[in-house]
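> So you can see what is in the structure, the chains are spelled out below.
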Amino acid sequence: MSLIELKDVSRIYDETVVPIRAVDSVNLIIDKGEFTAIVGPSGSGKTTLLNLIGGLDQPTAGKIIVDGTDISTYKPDVLINFRLHHIGFVFQAYNLIPVFTAKENVEFIMLLQNIPKTEREKKALDFLQAVGLGDRVNATPAELSGGQQQRVAVARALASSPSFVLADEPTANLDSASAESLLDLMENLNQNNNMTFVFSTHDQKVIRRAHRVVTLQDGKVKSDELNPIRIKNEN
Amino acid sequence: MILILAWRNIWRNKKRSLIIIAAIAVGLCCGLFASATMFGMWDSLINTTIDRDLGHFQIHSKSFEDEKLLTDTIPNFQNILTQLHSTNNVIGVSSRVLVEGMISSATSFGGVRIVGINPQDEKNVTTVYKQIIQGSYFGENWRNQIVIGQKLAENLGIKERSKIVLSFQGVDGSIIYGAFRVAGIFKTESSVFDKSNVFVQESDLLRLINSDPISNEIVVRLSSVQQVDSVYIPIKKQYANLSVKNWEELAPELKLFNDMLMTQMNIFVGIILFALLFGITNTMLMSVMERVREFGVLMAVGMKRSRVFIMIILETISLSFLGGIIGISMGLILIEYFKHVGINLSAFTEGLSQWSMGSRLYTSLPLNFYPSLVLMILITAILGAIYPAFKAIRLKPATAIRTY
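Protein sequence lines, in the order shown, are assigned to chains A and B. Using the working numbering, you'd call the opening residue of the first sequence number 1 and step up by one each time. Using the working numbering, you'd call the opening residue of the second sequence number 1001 and step up by one each time.
For the record, the hints were derived by calculation from the structure and aren't laboratory data. Glycine included, each C-beta is placed from N, C-alpha and C at the ideal position.
With a straight-line Cα cutoff of 16 Å, these simulated EDC-like cross-link-like pairs (lysine to aspartate or glutamate) come out:
| no. | chain 1 | residue 1 | chain 2 | residue 2 |
| --- | --- | --- | --- | --- |
| 1 | A | K63 | A | D8 |
| 2 | B | K1236 | B | E1248 |
| 3 | A | K32 | A | E187 |
| 4 | B | K1304 | A | D77 |
| 5 | B | K1068 | B | E1100 |
| 6 | B | K1396 | A | D77 |
Chain A side only, calculated, beta carbon under 8 Å to chain B, not exhaustive:
| no. | residue |
| --- | --- |
| 7 | N51 |
| 8 | L56 |
| 9 | D57 |
| 10 | D77 |
| 11 | F91 |
| 12 | V99 |
| 13 | F108 |
| 14 | I109 |
| 15 | L112 |
Model the full structure from these sequences, guided by the hints.
Next up, the structure:
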């Protein structure tokens, strides 16, 4: 059964005189365990598509079915709750809470899920250990490098036990070594824990690692194929 | 954890938070101090009025209230005096013979209230005897001694041992003249009282009017003002045929003054809180606008709008509470200091004496004022946070995340 299914989804912004079709009649199915990259030039609709899948925006037309639930008609408050329990987010600019330590950042999402204190503390430490930051649990974001902050963001995304993780340009602010290291981490989580990742990216490093690459152009799916680079490498 | 987050958020911009905390603290401190001076003024006015003349409650015949005639006496007053002397919490009882009359010196004259007293009893009730500035309080060995106020003495051009003549209507309607010699001159906080009241011994007055002992007024002094209701109410019930009034009923102008003070104080505190409201709203609005992306992220990852709202309210309450605690502490220190040292108002003595107030003002603030103030700060903080909080929860996560 598909994890994410988009049926003829459009998102039209009509803020200006001429309506902009940011996403135009997109049909897409993503299964559990996929490691998918959504690529395309700037303005092609990658971020809008990710926002729609993540329930941060609502489609003008079409249906978005996540985990068997049609979220396209959900009200904003219901969507918040849905996101909390089903979707993990990794943002381009890390977006950690600056006044919290790494551990508190990871723990916070579990607090929102009303997980008891001792349990969430233990889980937070486990997740930070898993992303290789077991020795930086008490560091604040300002005390961490960009790569380390993004690892905390991954730990935070995983802490809510989501069905999948959406990562919007996760390597855009990282140097090559940090980016590769982060991709290693996410690839491991995908392979070992069967965690589904959906990226929007320009970064060739990410595209090379993706199992499937969906290319957007002018809001439409231009191509949707298994990653030829990866297939070639595997062969 | 949300409280911890709110608390830490306050300190992200230390300078801004400290400025608003200082504004709240100084505003409250000033508000408290101003209120304490008003309460101090009120206390001073009440206490001097009770101490000087009124006592805690008084008994008259009902007819005395209308015309205040010498003939409007209290029936069986001796029995009442005996009962009062044996009542708990009563520390002094004085029976007075009162008559309106004229006082004349060699050069001038004026209208006065002649108060016939037993000096020993009166000492237990009022404090005029402590305010003698010339001569003594009926300490001479001649008959027909009179104790008058300094203002009246100046108006009449007389001094200690000067002779004056009192004239008034007797029991039978005839005009009675009596020559008195000034035994003492007093100066109270009230120049109005000083120029309109003279004290003579009850026995001298009764001899002049050729009367058996009578009483127009019984003044009762209690151990404290808090005891008034417990003593006065049973007496009032028992003597329903008499007029029994407590100090508030006897001096309605004091109540008016109190109401005016309270209104002024409420307006003053209201203005301070109103100004704080805008300060708090401005600070929180700046704080929210600086964190648009963060609120977007919080809501994106699943923080409910209600929790975001509560977090901003908590931030505001923490900020205001901190400012409030500092302000109240500073105010308390100032109030306690001036409660003992007093504020010197001697430059305004003349004007203050018209209002029966001394030249040193001692601050005072009832303890129950503080919780209500804390509550008002809390309400102000919540009101101040509502608009910024609404601004935050109305953000769209998808847009807010991309705000830099």
